[in-house]
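**Q** Knowing the structure of chain A, use the given hints to seat chain B on it.
Number of protein chains: 2
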Amino acid sequence: MPLLCPDALSSVAYGTQAILVVLASAGTLALWYSLPISAMIVLLLTVLVISYRQVITAYPGGGGAYVVGRETLGPVASLVAGASLLIDYTLNIAVSAAAGVAAVIAALPALLAWRVELCVLVVVLMTAVNLRGTRESSLTFGPPTYLFIAMVLIMIAVAFFQGKMFAHPAHALLPAPVVPGLALFVVLRAFSSGSTALTGIEAISNGVPLFKPDSVIRARTTMVVLGLLLGVMFLGTSLAAFSYGIVPNAQSTVLQQLAAAIFGQGVFFYLLAFVTMGILMVSANTSFAGFPQLASLMARDGWMPRMFASRGDRLVYQNGILVIGLAAALLLLIFQGSVIRLIPLFAIGVYIGFTITQVGLIKKNLSERSGKWLVMVAMAGGALLTATVVVVALATKFLEGAWIVALILPLMVIAFLRIQRHYKAMSQELRLPDSEVRPSGKAVVAVVPFSGISRISQSSLSYALSISANVVAVNVSFTDQAEAAIRDAWQAWAPDPSIRLVVLRSPYRSVTGPVLAYIDRLQEEFGEGHVLVLIPEFVVGKWWQYLLHNQIGLLLQANLVFRKDIVVAMVPFRLSGR
Amino acid sequence: MPLLCPDALSSVAYGTQAILVVLASAGTLALWYSLPISAMIVLLLTVLVISYRQVITAYPGGGGAYVVGRETLGPVASLVAGASLLIDYTLNIAVSAAAGVAAVIAALPALLAWRVELCVLVVVLMTAVNLRGTRESSLTFGPPTYLFIAMVLIMIAVAFFQGKMFAHPAHALLPAPVVPGLALFVVLRAFSSGSTALTGIEAISNGVPLFKPDSVIRARTTMVVLGLLLGVMFLGTSLAAFSYGIVPNAQSTVLQQLAAAIFGQGVFFYLLAFVTMGILMVSANTSFAGFPQLASLMARDGWMPRMFASRGDRLVYQNGILVIGLAAALLLLIFQGSVIRLIPLFAIGVYIGFTITQVGLIKKNLSERSGKWLVMVAMAGGALLTATVVVVALATKFLEGAWIVALILPLMVIAFLRIQRHYKAMSQELRLPDSEVRPSGKAVVAVVPFSGISRISQSSLSYALSISANVVAVNVSFTDQAEAAIRDAWQAWAPDPSIRLVVLRSPYRSVTGPVLAYIDRLQEEFGEGHVLVLIPEFVVGKWWQYLLHNQIGLLLQANLVFRKDIVVAMVPFRLSGR
Numbered sequence: 012m013p014l015l016c017p018d019a020l021s022s023v024a025y026g027t028q029a030i031l032v033v034l035a036s037a038g039t040l041a042l043w044y045s046l047p048i049s050a051m052i053v054l055l056l057t058v059l060v061i062s063y064r065q066v067i068t069a070y071p072g073g074g075g076a077y078v079v080g081r082e083t084l085g086p087v088a089s090l091v092a093g094a095s096l097l098i099d100y101t102l103n104i105a106v107s108a109a110a111g112v113a114a115v116i117a118a119l120p121a122l123l124a125w126r127v128e129l130c131v132l133v134v135v136l137m138t139a140v141n142l143r144g145t146r147e148s149s150l151t152f153g154p155p156t157y158l159f160i161a162m163v164l165i166m167i168a169v170a171f172f173q174g175k176m177f178a179h180p181a182h183a184l185l186p187a188p189v190v191p192g193l194a195l196f197v198v199l200r201a202f203s204s205g206s207t208a209l210t211g212i213e214a215i216s217n218g219v220p221l222f223k224p225d226s227v228i229r230a231r232t233t234m235v236v237l238g239l240l241l242g243v244m245f246l247g248t249s250l251a252a253f254s255y256g257i258v259p260n261a262q263s264t265v266l267q268q269l270a271a272a273i274f275g276q277g278v279f280f281y282l283l284a285f286v287t288m289g290i291l292m293v294s295a296n297t298s299f300a301g302f303p304q305l306a307s308l309m310a311r312d313g314w315m316p317r318m319f320a321s322r323g324d325r326l327v328y329q330n331g332i333l334v335i336g337l338a339a340a341l342l343l344l345i346f347q348g349s350v351i352r353l354i355p356l357f358a359i360g361v362y363i364g365f366t367i368t369q370v371g372l373i374k375k376n377l378s379e380r381s382g383k384w385l386v387m388v389a390m391a392g393g394a395l396l397t398a399t400v401v402v403v404a405l406a407t408k409f410l411e412g413a414w415i416v417a418l419i420l421p422l423m424v425i426a427f428l429r430i431q432r433h434y435k436a437m438s439q440e441l442r443l444p445d446s447e448v449r450p451s452g453k454a455v456v457a458v459v460p461f462s463g464i465s466r467i468s469q470s471s472l473s474y475a476l477s478i479s480a481n482v483v484a485v486n487v488s489f490t491d492q493a494e495a496a497i498r499d500a501w502q503a504w505a506p507d508p509s510i511r512l513v514v515l516r517s518p519y520r521s522v523t524g525p526v527l528a529y530i531d532r533l534q535e536e537f538g539e540g541h542v543l544v545l546i547p548e549f550v551v552g553k554w555w556q557y558l559l560h561n562q563i564g565l566l567l568q569a570n571l572v573f574r575k576d577i578v579v580a581m582v583p584f585r586l587s588g589r
Numbered sequence: 012m013p014l015l016c017p018d019a020l021s022s023v024a025y026g027t028q029a030i031l032v033v034l035a036s037a038g039t040l041a042l043w044y045s046l047p048i049s050a051m052i053v054l055l056l057t058v059l060v061i062s063y064r065q066v067i068t069a070y071p072g073g074g075g076a077y078v079v080g081r082e083t084l085g086p087v088a089s090l091v092a093g094a095s096l097l098i099d100y101t102l103n104i105a106v107s108a109a110a111g112v113a114a115v116i117a118a119l120p121a122l123l124a125w126r127v128e129l130c131v132l133v134v135v136l137m138t139a140v141n142l143r144g145t146r147e148s149s150l151t152f153g154p155p156t157y158l159f160i161a162m163v164l165i166m167i168a169v170a171f172f173q174g175k176m177f178a179h180p181a182h183a184l185l186p187a188p189v190v191p192g193l194a195l196f197v198v199l200r201a202f203s204s205g206s207t208a209l210t211g212i213e214a215i216s217n218g219v220p221l222f223k224p225d226s227v228i229r230a231r232t233t234m235v236v237l238g239l240l241l242g243v244m245f246l247g248t249s250l251a252a253f254s255y256g257i258v259p260n261a262q263s264t265v266l267q268q269l270a271a272a273i274f275g276q277g278v279f280f281y282l283l284a285f286v287t288m289g290i291l292m293v294s295a296n297t298s299f300a301g302f303p304q305l306a307s308l309m310a311r312d313g314w315m316p317r318m319f320a321s322r323g324d325r326l327v328y329q330n331g332i333l334v335i336g337l338a339a340a341l342l343l344l345i346f347q348g349s350v351i352r353l354i355p356l357f358a359i360g361v362y363i364g365f366t367i368t369q370v371g372l373i374k375k376n377l378s379e380r381s382g383k384w385l386v387m388v389a390m391a392g393g394a395l396l397t398a399t400v401v402v403v404a405l406a407t408k409f410l411e412g413a414w415i416v417a418l419i420l421p422l423m424v425i426a427f428l429r430i431q432r433h434y435k436a437m438s439q440e441l442r443l444p445d446s447e448v449r450p451s452g453k454a455v456v457a458v459v460p461f462s463g464i465s466r467i468s469q470s471s472l473s474y475a476l477s478i479s480a481n482v483v484a485v486n487v488s489f490t491d492q493a494e495a496a497i498r499d500a501w502q503a504w505a506p507d508p509s510i511r512l513v514v515l516r517s518p519y520r521s522v523t524g525p526v527l528a529y530i531d532r533l534q535e536e537f538g539e540g541h542v543l544v545l546i547p548e549f550v551v552g553k554w555w556q557y558l559l560h561n562q563i564g565l566l567l568q569a570n571l572v573f574r575k576d577i578v579v580a581m582v583p584f585r586l587s588g589r
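Chains as they are written, first to last, in the numbering used here: chain A, 12 to 589; chain B, 12 to 589.
Just chain A, with the same shape it has in the complex (with noise of 0.2 Å):
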């Protein structure tokens, strides 16, 4: 339960806030919309509910929409699911952020100057813990997730009981009161906005392998009583905001405008604004699982770089982690922290997804003859609305930034299918023709810049000879006293016969340019063998040391590093350090 179920919960967090606030635009009176909305967020969450248990049995193994999609709709759907999903994770870290700190600063208003950089420390913070591996527990992830629902359902009684609930049955039953001014427009805004409250009912079924043992049959039972608990509190949060006059503003959140509005600012306010968070932290960190999960499945698809396939050494994807964190921090820094400027382009994909899995799931239960009629009635059902609500929220808050999202998907889509092109078209190059092609060995010639006789070329050209019997210690020198010197030292020094030596001449001090002018004219001689360029390099003791060497090699190394036929290597020489 702590594990999976977080996600769906926290929405309770911001989703009707989100209604709330779209309605306050055209005035408190038209606050009364957001009872009918709420319904109806509701009836969506029953359709979901059922929906997803069919998604249970189907999958046992636990698939979210991209694993759905692609194993009943074909390729273009499930890269679809899977960029929508993968914008989804991203936007939920940062809603999640930016609705943590707003429950803190509610509570602590002296922290509303510093919203933008408290909602990316959050970020920063959670990516590194990620990073370095967290073991996930019911321990760390449970007290925050029962505290929050004892809270919300606690609120919701107490307002029940102190009879403000259905204190102005005219207000809460009564047919719709005439708004001037409102249009249909907004309510269906407050609606898309709203539907945000649904976002992490997926994750149940995305994880079925977690529940063990009967695995299926308590995944079912679990999606039922998170279906009852999110309706419940989203639904009685809804009731009590609009009972006690909740008016959303910027400084505080509705729900800890209610918890003030019912036991006053004590330690129940302060304490739901701590726990708020928690629960937030909870649902961002699922994402900071999810994503980097689907990244490396669809990389090792081939639809995204391999570099997400493979973990790092500590077990976890850390590429995956990097740029879902970055991401959410700079939509953080782009949208100010703010969950209202946010909410626009949230959610969109996970009604995306929500569509497409249960598309998928009538195609096969179709195909395949299986499934009662009444459920594929309720499934078709819920595929129209959740469609629907995918069109109308790219319709009613495209301007609002809706845009982005319509404009990031379908590129991430084409991004992955030339990404899989390119893998493709690389797969058949590297086949070998025929397996009679095998490992053959060709002539080396190990090239060995130095600067002077010493222990570091000494090093260097025992490397080369240990590669090579033709090795060729290449000086440059910017003087003919220079050029003799080095020449009648070399003289005494060094008569192995496989070392050649080679001095250029460089009246302009340059190094570099006469090195690889040098090699150029070697490669084009040597013709069929392979150069080697073998570069001395000191190791140092301390890290300004680094300063005061191994820059030529460096950018010797830079220059010939990618160029054909030619491989590079440093040879490490370890100094004391002084």
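These are calculated hints, taken from the structure and not from any lab test.
The structure presented is a predicted model; accordingly, all values stated were derived computationally and were not measured.
Misleading hints may appear alongside valid ones.
The list treats identical chains as one, so a pair stands whether inside a single copy or across any two.
Result set (DSS-like, lysine-lysine): computed pairs, CA atoms no more than 25 Å apart in a straight line [as the list claims (entries may be wrong)]:
#1 LYS553 x LYS435
#2 LYS453 x LYS383
#3 LYS553 x LYS453
#4 LYS575 x LYS453
#5 LYS575 x LYS553
#6 LYS375 x LYS553
#7 LYS435 x LYS453
**A** Only chain B this time, still in chain A's reference frame:
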């Protein structure tokens, strides 16, 4: 002339202003003191011209304060001189850029809001031009220099003939007015600020060899001409500024105010602004040449990192140019492109250099028993005067920024000493114990990580066979099936007995961890021999394709580089790049 004089002459653009700004803080009556201060500075100039004529004779090969100090006063004095000059080259670029931009802003006030940006832009452009390599020619540097000289002289002449110059003899020639609240401290500070007008007159003695033929005689003559010109222009500007009642302000420069007062805001006014900018750029360019030259000289003496000693492919000292460009840009950012705020740091270094040069020359003449006694006395007086300027500048402007120079200068000297100590210890360590220690080969085992049998593994294993008869092909498998598959494929493919197949098992999908651990084991087993790791590397056609490859190879390389006795080489494999 146009090569070595602009540095000194361009100082006229800010010298008088530097005096007036300080005095104006004590009220307009105090501006009278600019006259005796200017006279004092001209006296200083006379002494310096005499001294530097001696320097030219003594060092016909061209010798700056560093060389003179090194050859007469020993290493520490030469390092102090070197550090001072490096600091002042940097400050000359910053002050010239700031003063040039100030002149343009005086003509085009709309640019005021972009002062800092313009200053940094000027420095970035000059850095880029110098990195590309310029041919220093009289043709490009001549026009602004001659135009500047002509325009300033015309301005002074017109002021003289307009009759205003000595219209108030009561002001100009009568005893000093009593200015309440004007402390000696302020007068001294104004003097030390004005002494920046003489920066750059040492340039001729540094560049004696450029005067061909009869370089010494012609350089000595040029020195006198330069002294006369600078004296007339500086004193004339100061006198005219006082006569026309110019009070410095933040929007304009003294030179532009003077031009406006004498000629009105016409062609002369606008032309002067751009000519001033021009000569200041020429002056800054002198430092862009001087800093890298001095740094390379000091690097060859072992005091500075060797990377300053060598020229790059464009035959310029790129590292020196980059460092001074970066430092000047940083100074302009810190001091907001303000000449007034930069002046307190400036000149201290130059006057330390003047002092060391003169003291060194006196010592040389004494030990050689050469030199006329009258010249010797003048030089001793000069050394005393310039030393006094250093003390006065440090004392009167310590808190305004002189402390920065007082802090950095000794730190630089300490760094020079430590760098030389390191290079000396290193060369000691690199010395071969006796010439009998010659290069000799050892056994090498070549390790090739590979992921499957393909063209790229064929290519890198072939390379390994070219280098060693002892090759290990290392594969990392995540599952039993993968391991069995690779073993079967290997059996069918590579019968060369010199290649051993090693399959490492990694249940957690980490690739680098097992490979690194294996290399450690191998190194222990292999004992005395070398371990060479050959990492296959893709070379692709488009930049974004690099994101799709080589990640694990780069990670391996990063982990192996600098390991004792392990050499890593990337073996490039070119893909067609689709």
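**Q** Now tell me, hint by hint, if it's right for this structure.
**A** Hints, one by one, checked against the model:
no. : hint            : verdict
1   : LYS553 x LYS435 : between (46 Å within a copy, 16 Å between copies)
2   : LYS453 x LYS383 : neither (69 Å within a copy, 75 Å between copies)
3   : LYS553 x LYS453 : neither (40 Å within a copy, 30 Å between copies)
4   : LYS575 x LYS453 : within (16 Å within a copy, 28 Å between copies)
5   : LYS575 x LYS553 : between (35 Å within a copy, 16 Å between copies)
6   : LYS375 x LYS553 : neither (64 Å within a copy, 40 Å between copies)
7   : LYS435 x LYS453 : neither (30 Å within a copy, 42 Å between copies)
Comparing the model with each earlier hint shows violations of hints 2, 3, 6 and 7; every other hint is respected.
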